[in-house]
Structures are given as C-alpha cells and as structure tokens.
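J.: Could you build the full structure based on these sequences and the hints that come with them?
There are 2 protein chains.
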Amino acid sequence: MKDTAAAAAVETPVTVSTFDVSRHPDTARLVLSSPKPPGVREEFVGVVRKAFRPRASGGGGGGAGRTPPARWGWALTALQTVFPVLQWGRTYNFNLFRSDVMAGLTLASLGIPQSIGYANLAKLDPQYDTSVVPPLIYAVMGTSREIAIGPVAVVSLLLSSMVSKIVDPAVDPVTYRALVFTITFLAGVFQVSFGLFRLGFLVDFLSHAAIVGFMAGAAIVIGLQQLKGLLGLSHFTNSTDVVSVIKAVCSALRDPWHPGNFLIGCSFLIFILATRFIGRRYKKLFWLSAISPLLSVILSTAAVYATRADKHGVKIIQRVQAGLNPSSASQLRLSGPYTVECAKTAIICAVIALTEAIAVGRSFASIRGYKLDGNKEMIAMGCSNVAGSLSSCYIATGSFSRTAVNFSAGARSTVSNIVMSITVFIALELLMKSLYYTPIAVLASIILSALPGLIDIKEALSIWKVDKMDFLTCLGAFVGVLFGSVEIGLAVALAISFTKIIIQSIRPQVEVLGRLQGTNIFCSIRQYPVACRIPSVLTIRIDTSFLCFINSTFIKERIIEWIREEVETSDEKARDRVQSVVLDMSNVVNIDTSGISALEEIHKEMASLGIQMAIAGPGWQAIQKMKLAGVVDRVVGRDWIFLTVGEAVEACVTMQKGTALEC
Amino acid sequence: MKDTAAAAAVETPVTVSTFDVSRHPDTARLVLSSPKPPGVREEFVGVVRKAFRPRASGGGGGGAGRTPPARWGWALTALQTVFPVLQWGRTYNFNLFRSDVMAGLTLASLGIPQSIGYANLAKLDPQYDTSVVPPLIYAVMGTSREIAIGPVAVVSLLLSSMVSKIVDPAVDPVTYRALVFTITFLAGVFQVSFGLFRLGFLVDFLSHAAIVGFMAGAAIVIGLQQLKGLLGLSHFTNSTDVVSVIKAVCSALRDPWHPGNFLIGCSFLIFILATRFIGRRYKKLFWLSAISPLLSVILSTAAVYATRADKHGVKIIQRVQAGLNPSSASQLRLSGPYTVECAKTAIICAVIALTEAIAVGRSFASIRGYKLDGNKEMIAMGCSNVAGSLSSCYIATGSFSRTAVNFSAGARSTVSNIVMSITVFIALELLMKSLYYTPIAVLASIILSALPGLIDIKEALSIWKVDKMDFLTCLGAFVGVLFGSVEIGLAVALAISFTKIIIQSIRPQVEVLGRLQGTNIFCSIRQYPVACRIPSVLTIRIDTSFLCFINSTFIKERIIEWIREEVETSDEKARDRVQSVVLDMSNVVNIDTSGISALEEIHKEMASLGIQMAIAGPGWQAIQKMKLAGVVDRVVGRDWIFLTVGEAVEACVTMQKGTALEC
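Chains W and H, in that order, give the protein sequences. Position 489 of the first sequence, counted from 1, bears residue number 571 in the numbering used here, the numbering being contiguous throughout. Position 225 of the second sequence, counted from 1, bears residue number 307 in the numbering used here, the numbering being contiguous throughout.
Treat the hints as calculated values from the structure; they're not laboratory data. Just so it is clear, CB atoms sit at the ideal spot from N, CA and C, and this is done for glycine as well. Just to be clear, a hint being listed does not mean it is correct.
[Claimed, not checked] Okay, the calculated bits of chain H under chain W, using three or more residues with CB under 8 angstroms as the criterion: (1) 547 to 555; (2) 575 to 584; (3) 601 to 613; (4) 666 to 672.
[As the list claims (entries may be wrong)] The calculated lysine-lysine pairs, modelled on DSS-like cross-linking and capped at a C-alpha distance of 30 angstroms, are: (5) W/K453 with H/K686; (6) W/K118 with W/K709; (7) H/K118 with W/K547; (8) H/K118 with W/K686; (9) W/K329 with W/K247; (10) W/K686 with W/K118; (11) H/K540 with W/K118.
T.: Here is the structure:
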C-alpha cells in the first residue's frame, strides 16, 4: 500500500534491452535533491520558540471576546494570559451568575462533607480544609469552566501513605502537618514550573490504561482504609497494601468492638448510594444525590448528640479547633532532614494531581466544545497549591465527582468555585464546633460512596479486548498499588509502559512486500495475502521510524537471513533466483550511525551474493544522513535510490532483463 | 512518495455527481479484510521457537563440511553445536596447522608481555595470567577463526577501578583477588546465560558511537594510570578520573623521584612505536612489531639485572611466585557481604567484554566473509571465563590488537589460540623467576603503546559530520569516563542513547503531504517542495511507528491545530476551504488505547468543524486494534478507510464535487 510507479513507467512497456541509467525516473532524482532538513539546533530553537509564543487564548468564560482591543496594549494581554478571568469577566452577566450561584451552592453541599472526609483520609483534623483557598486562586487563573477544585481521594491517600512513612501522625502530628504543607508548597512549585517550561508531556507518561488500573487499585486501598472508621477501630496499620490492612483488621476484630459504628456507617452509605441511584434515574432529582452526604453528616451528628452514643463506643471526630485556614507559612520546612523525601513525594503528588485535573478538565471541555490550555492549567493548579500551602491546605486538584455535580448543576464559569469556596468557609466557620459529635463512621461512608466511580471495570475490559499490552500496564498498576504501595504501582505502570516502547524499538517488524495484482501498489504479503511477490526481486520494508543502534543489528540479520534463504532455496531454478533486493525505507524517518553501518553491511553481503540493492523512499533525516555518511555515493549508488517501491522494482526488472538478454 | 491511486481511479475522470459508496475502491476493502495479525502470545512463542531452533551452523574451520552425515545422529549434531571444533576439526589438515602454529607463536610473543602488563593494570601479580586457560576453552567452543582471547586493557581497568572501591588491593590483596575471581566467575555465568536466553541484543545497547567515546576515554584514563609505573611513583590514587590522577601525580612529583624509570619507559615506548611504524610501512616486517614488546621485556630485565639499577630507584616487579594458574575455586565468594557489588561489577564487565569481543569477531569475520553466531560466541566466552575463574584468571575477551596480529600472521582457525596458550604457559613457567627484575616502567610502556589504537579521532569526526546526537553520546561517554569513572561514562552513554529513542517517540514528525505533479505520488511538502497540496483536502502523515500514550496527545494537538489554522485562514474564499482531512497512517505499525482515543478525538473535532476524515493505509496491528475498539465502524466509518492516500484523496474530492453540485 506504499507505493506507485511514475505514470511514465506504467505507460511504457519494459522493452529496453540493457539497463539504461537515463531511464532512472525524474521523481527519483527528487529524493537526492531534497533540501536540507532542520538540524538539531533549528529543531530545538523551533520547539522553544513555539512553546513560548503567546497564543490567542481560547478564553474561559461563556462567549468571551477573543482578541483584546489594541488600546489596552501588551500589559493587558500579558495580564489576560495569566488571569483569564480578565478576558471572560468583561462579558460575564447576571444570567450566567445566577447559574453559577446555584451550581456553587450545590457544590458546597457536597464539598463540606467530602473536605472533612478527605482530611480524615489524609490524617489531618477537619479544620485543615482544602475547599476554600485553592478554588479562589484557580477561579482567576484557570481555563476550565466546569472543573471543581478541592481535595481528592487518591491524592489524600498518596499524601498520607507517603508522609506516614517519614513521620507517624499519631506520634508527632505537628511535624506531620508541617511536612504535608511543605509537600503541598513544593508540589505547587513543581506544577508551576511544569507549566512555565511547557513540560505538559510529563502528564502523558501515565497512560490512560495505567490510570485505569491505578485508580481502581487506589479505590480498593482507600476502601480498606475506611474499615478503620467503619468498624470504629483504634489501632490500625499505616501500610496501605491489602495484606497489611487485612491482617490489621483481623487482629483488631479479636478485641471487643462496637457494632454501633458499623451500623451508622452502613446505613448512611446505603442512604447515599440510594439517593445517587435515584439521582441517576430521574435527572431532575440529581440535587438529592448532591446534598445526601451533607444530610448524612447533619443527621448522624444530631443523632449522636441526642443519644450521647459516643459514650457507648461510637467514635466521633472530637478534635475540632475553631479558626479555619490560618496562615501556615511559618510551618514550611524547606531545609532540614526531610527535604529530599518531601521533594520526592511532592513531585509524585504533583504529577498525579495534574494527571487527574487535566483528565477531568479535558473531558468536560470536550463535552462543551472548547480547548483546555494544558500549560496554563498547570500554572493555575500550581499557584492554587502554593497559596493553599500557606493557608493550612493540602494538595488540591480537580475532582471528578464534584466536577460532574458542578456541570450537572449548570455551572457556566469558575465563579461557581468562588461561590462554593465562600459557602464552605462560612458554613465551616459557623458549624465547626458542632462537628465535635460527627461520627467517624459517617465520614468513612462518604468516602466509600465516592469510590465506585474510580473503578471502571468496563474500561478495563475494553482495554483487554483492544490491546493486551495496555491491559498488562493496567493490571501492573492495579496489582502494584494493591499489594505493594501507591508508589510501587506507579513505578510498575511506568516501567511496563516504557518497556513497551523500547521493545517496539528493539524488535521492529520487517515485512516482505508484494504487488497487488492489476495495480502498482506494494504491500506486506502477510497483511494482504492477495499481494504477489515479484519473481527475482525481493522487496523488504523496514517498519521502524528510527533505524538506530538498538534495532539495526536485528534488522540487518533478519534481512540477510531472508536473502540467504531465498538464494539457497531458489538455487536450482535459476530463472526465479533473487537478483535484486529493494529496501523500502519510507517508514524510516531517522537513522543513526549504527543504522548506516547496518545498511552498508547489508549492501556488502548482497554484493558478495551478486545481488543488486535498491533503496526506496527514505525519510528526510534518513536520506540526509545517508548522503553525509557517503552511503549514497560510495555504497548504494545514486542510481539505485528511488522515490517509490514501484520505480525501484521497475528498474530492477529492467536491469535483469538487460543482463538476461546479454547472457 | 507513499502512495498511488488504483489504476481504475486514474483512468476514470471524476465525473460522478454525488458521492457513491460503490466507488469505494476494491483495494480499500482489503484493508478491513486482512487476516488477524499474530497476537502477543503467538509473537512471543514465535520468537522463543526461532531462538531455540537448532541452526545449520556456519562452522568455524577452513572449508568445513556444512551438514553432518545422518548416521552420526542427533548426539553428534548437538555436540557439534556446542563444540564447533568437532565440525571443522574433521577437515583440518597439516597446511592449516602450519599456518596456525606460526600465528600462535607470533601471538605468544605479543601475549606474554601484554598479559603481565594487563595483570599489573588489574592490580594483580604477574602469575595471575589470563592468556592460558580461557583461549583453550574458547578454541573448542568459539565460532570465530581469528579472534585472540586474553586480557584486554579496558576490562582490566574496569575491574581494578570497580573492585578497588570495594577493597583496597594494597591493604587486603587476598580479598581483592578473591573478589576478582568471583566477578570473573559471575561474568562468565552472565555471558553464558545471555547466550542461552538469546539476549544478544544487550550488546547492542552500547551503540557504536558510545563505544568510540568510551574507548577513547578509557585509553586516556589507562594512559594516565601508567604514569605511576612510568614515573616510578609509590603512592598513587585509586580513582581513575583525570582530576584525581593529575593531583596525585603533582603531589607525588614534589617528593624526590628517580628519572631512571622514566628513561627506561620512554626509550622502550619509542622502540615499540618505531617497530610498529616499520611494521605498518613494510608489511613483511610486521613480526617485528609483534615481538618488540617481548624484546623490550627481555632487554630491560637483562639490563636491570646486569646493572642492579633497582638499587638506584628503578622499580621492578619483585613479587613473583612460581606456579602458574593454580586452582582458585576455593577463593570464589558467592555468598557474603560483597555479593551484590560483585554481581553488579560482573554484569558491567560481562557486557563490556562481550561488546568488545563481538565487535572484534564480527569485523574480522566480515573480512573473511563468514558469519559469527553471536549467541554461541557468548556461551563460548562465558565458559572460558568460568574456567578462567577456577584457574586464577580474570576476565578474558577478544583483544583487538592481538586479533589483528593473529590475522596478519595467517591464523586459519582457533588452533592458533591453543598454540599461543601452550607457548605462554611454558614460557612463563620457565621464566617467571626472571621476571623479578623486570622494570615496571617497561610494562607501562607496553600498555601505553597499545593505547593509540583505542582512540579513533577519525571515526569521532565522521560521527560528528553525520549525526550530532550520536556525537553527543560519544562525547558523553568520553567526558563521563574521563572526569567521572568508567561506570559513569557508561551510564551517561546509555542515558543519552535511550533518551534519544524516547524523544524520537515523544515528538514524532507530522507532515503535510502534497501530490507530485503528473503522478499520483504523495509526499511531504517540506521534504519535496515541488509537491503541490490538493485544494480543500488536507493530507497529513503521522511519522511514528507506534502511536501510543507518549505521543498521541502531541500528534492530536498538532493535527487539530493545523486543521483549525487551515479553517480559520481560508474562511473567506470558501472554495478552497478544507473540507476533508486524509490521515496517512501507513507509517503507524502499532497503536495503543491512548492512540485510539486520540484518533477518536481528532474525528470528533473534525466533525464539529464539518470536515470529513479519511484514514489511509494503517499498519496491520493498528487496523486490527482500531477494528476491535470500534473506531472503524463507530467513528470513522468503513467507507472512509483506504489502502492508499491517492484513493482517499480521490474519494474526498469526489464527495466534495458531489456536495458542491447539490448546493
């Protein structure tokens, strides 16, 4: 499917008696006369210039004007680039605001209980609430309109499991908190630098398949962690792997435990899941599922307060201090013994948080039909986290469940985040004291109710169906998180993903091509069994875009082996004996010095067997380097380089007829 | 250069008024009806089966019979596979033997002084001689005919520098020796397993460019190490980097030193280099250069003995024990505190030794026109080293300088290695005592004389000319060895090489194609500026063989950006507006689930802009996965998948004319 002969070649029947160099088609000359491709330096300069070129931003608000009027000058443009709110804010109107307020209030009713629950998962007290400061910063800097910023389950788990290894929160809560804020600060700084240096591709390192497996594993791990709250256990393990947790639960259950916790947890979990089911069934009642967690907290707190169930073994939050979001700038520990561990944790958390936020943002942006600027998003997230770390917040990012609620509630811009943030702040400031009696089991049930959304079995099955190697990545991440730790899961997923790419480079396909009858199309005879091989011409396609040190020996040996086999098997009937080999290099975009030596050795081997070698359609960088290395003039010869396989085969056949007649 | 329209499409002028699905060319249907490509399991089974299939061996000896007679049965075949000597031995004759004896004796005269010198470089006493046992084992197992097995400079340096970090040989020579033998044993085991499990590609991980840089750096480092012997210094650094060595030399020169050493070293170095120059000039005198090192040792030892110069500050070997190659099996330390370090050192040494041996073997095999079996070579090398480790030898491999001498001296089979080995054994057994007076400066001059061959400036320049990235690898290895250590140099080279491959995968080219006038060939308009774009059809080629998580976002964004630009700039003149996009996927051999989502998103984006998308010539794995994922039926549509770009463009143009007429 690769090729054609020039029209001229098709029209003229092959009647020339000896090979006539002047028949070398004109198109073939183009291969050698192509301009010099951009060098490493030009490519690099181009990439940098493109990366830092100010773009006409797609804007964040509803129907905002795209180009700022010239009179505002460059200062406004720069400001607008950093703060998209300046762009869409000018066309913001009351109707949009009304939608955003409604969405913000709905979001707050879900955000309050989730903030408390996730703070508990991150092993922090409820006043370390992350739903207030980060959304405010994001609202003026972000480019997504629907995303809801705040704490998420996976990052909370990641943070608590990694920091617990450095300092046990039960032993030294002050240092634990200090490290959490430090990591949040560093993660923010990393995110900003990713955005500034256009390192958005780092987020792509975690493939979709890896994320599916990772999220499912994390959901199960988080669920198991909630057994502590659900069963009202006092002693529990700091490890997150399944084996440790099950051991801890078994040993804890041997001691007397209070079924009250379990009863409260289960009944509210069923309540929340039931309202969600109703909300899905009847779209109009979706607000029911949004406020059911808050309702659960209020009801259970009131019930415990009324019955004083905490005296009968029901665990309650207890540790509640007034004063939301005090400054935590003095707690940052940017030097000292834990800095390296903090930086390591911060970079992992930063990437995971960004991966989730950008995945969420992109999927909703694609529903609404606008485009997210990944680098700007990173800067906005980073700034939110830096601000958060200075005001007693831990890492915030875009939450999938809350973003979906925000979208369903009709949010039109990031103003809904501002409304949510203010509502949460006022509500918690007023009600923090009454959280004293909130049973921990209810927090566990709120977290548990959010987990099914993280396990996507359907997607895993479809990955299995389409791509077994991708499924292996998915499974690796899942098993790694479940039986190792969150970091091990990530490491396994990355290792499998990159091994896949390296294997693809080490063992590329090399295909024998045949001609489709009645056409001049050459394609792989394995993929298209109807294609017929040309007698006496072996056409081989090298299926790698980079012929380099890692695969050149393999390709060379494979090709030489084939040619030897062909020559040996066809020795008897001399007419069909292979006399020429056409190497289709149209897939080879680039080559390195090892690849060039491999070509030279193939040529030498063929010359020793008396076989003519032709090269068809090498890529731009490849032909340039072959010219520089002298392969074109010294080895293959200018007349044996063609634009298409068709032309090359034509020339080979012509030459053979010529020599046959001469004999 | 990629494509053709079917002959039919060329002949029939485009006159159909509405787009007629029945005009979908037959060739296009082939794309969807191609058989199922081999799955991961089949591929794996195929690779394993192929790897372990017994091959008809090319044989090692001169003109040996290729197939063993049937009556010997499978046992002989198996034995012959393991011991090629059984194959070529049957046709070995006296003439060949005479050539081999001459070559072996020449080799021995070079081997004796080099063995002693390299043992000194490896910080071992001269009786730990590696030129006896390993060549004997290699002779019956190896497939190369010219290679000369024994110690080489780079591996000696690598071993001494890495083991010195574990144990200082001056402080604890017994443990040092034990570790060297253990590492030799493990390296042998690793080499055998590489061969058995067909891991020959590991040797390719060090690209040619990396080896050029690495060897040059190692040569300079080895040369600097020789300053100790040449200047007769007593205290010297164990570090190998340039800075430490120069510091050590400077501080040593402040103490009084004896110019006698320097004088002896320099004069014999000049003598050896002069004989080599003569040997190169007059091919007949090449034996002069082969025996000049031995002559130097004899002359200098006699001179020192006669003048008792060792009393006046000339450093001599002194530590000489009789008894060559005693058993060292009891010294192996396969458990204990150093095992992990030993294994790490062993794997690095094993790979470096194999890289050198296979490079040497291949280049001489290619001169003589036979093919080396890489896996068999590895097993032979590994067995030689295991045997060597049990008889007080350190790692042996194929030496370039001695192999060249062996070849020039007319070696016809590995018998020359046996002759060399026996000669060295007898000579050293008889003369070991007299080595007491050999000045160390002469050993330094012998090692120094071998170094210029390791520095290949011409090759480095040609790498710079052809491929700047390869030169960076070369330079990285060179600078890493020179200013860091041997391991750092290797690590830098590997890191740069693999980064190159990953970058190539992360940022593939995406090219806009145009048609060559008068033909149906489509090729990149950047590479072939004469190619003309088809108005209203944007043809884009994806230049990566694996469309995967790491590059799918980049490719998607690049394509969408182009399409948006095209649509925006051509808004005014509606006739030229892009109405269809043809994605040429003929380079895309494989795809993963992220790549498939990227295709879906591109299609969605185009649909939202009212643009028709067609796909041309996807690879075998790619089309299979696209079918499985439902992209073909659900997204693109079966009628919009074509075998060639020509057909796809044809169909798009036809459709546009149809819609234009309808309007």
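J.: A separate judgement is required for each hint: does it hold in the structure or not?
T.: Against the structure, the hints come out as follows:
1. 547 to 555: Check passed, 6 qualifying residues.
2. 575 to 584: It holds: at least three residues are needed, and the segment 575 to 584 of chain H offers 5 whose Cβ sits within less than 8 angstroms of chain W.
3. 601 to 613: holds (count 10)
4. 666 to 672: Contact hint for the segment 666 to 672 of chain H vs chain W: holds, 4 residues under 8 angstroms.
5. W/K453 with H/K686: holds (13 angstroms)
6. W/K118 with W/K709: holds (11 angstroms)
7. H/K118 with W/K547: With Cα atoms ~14 angstroms apart, H/K118 and W/K547 stay inside 30 angstroms; holds.
8. H/K118 with W/K686: violated (36 angstroms)
9. W/K329 with W/K247: Status holds; Cα separation ~19 angstroms.
10. W/K686 with W/K118: holds (28 angstroms)
11. H/K540 with W/K118: Roughly 24 angstroms separates the two Cα atoms, so the pair holds.
When held up to the earlier numbered hints, the structure conflicts with hint 8 and nothing else.
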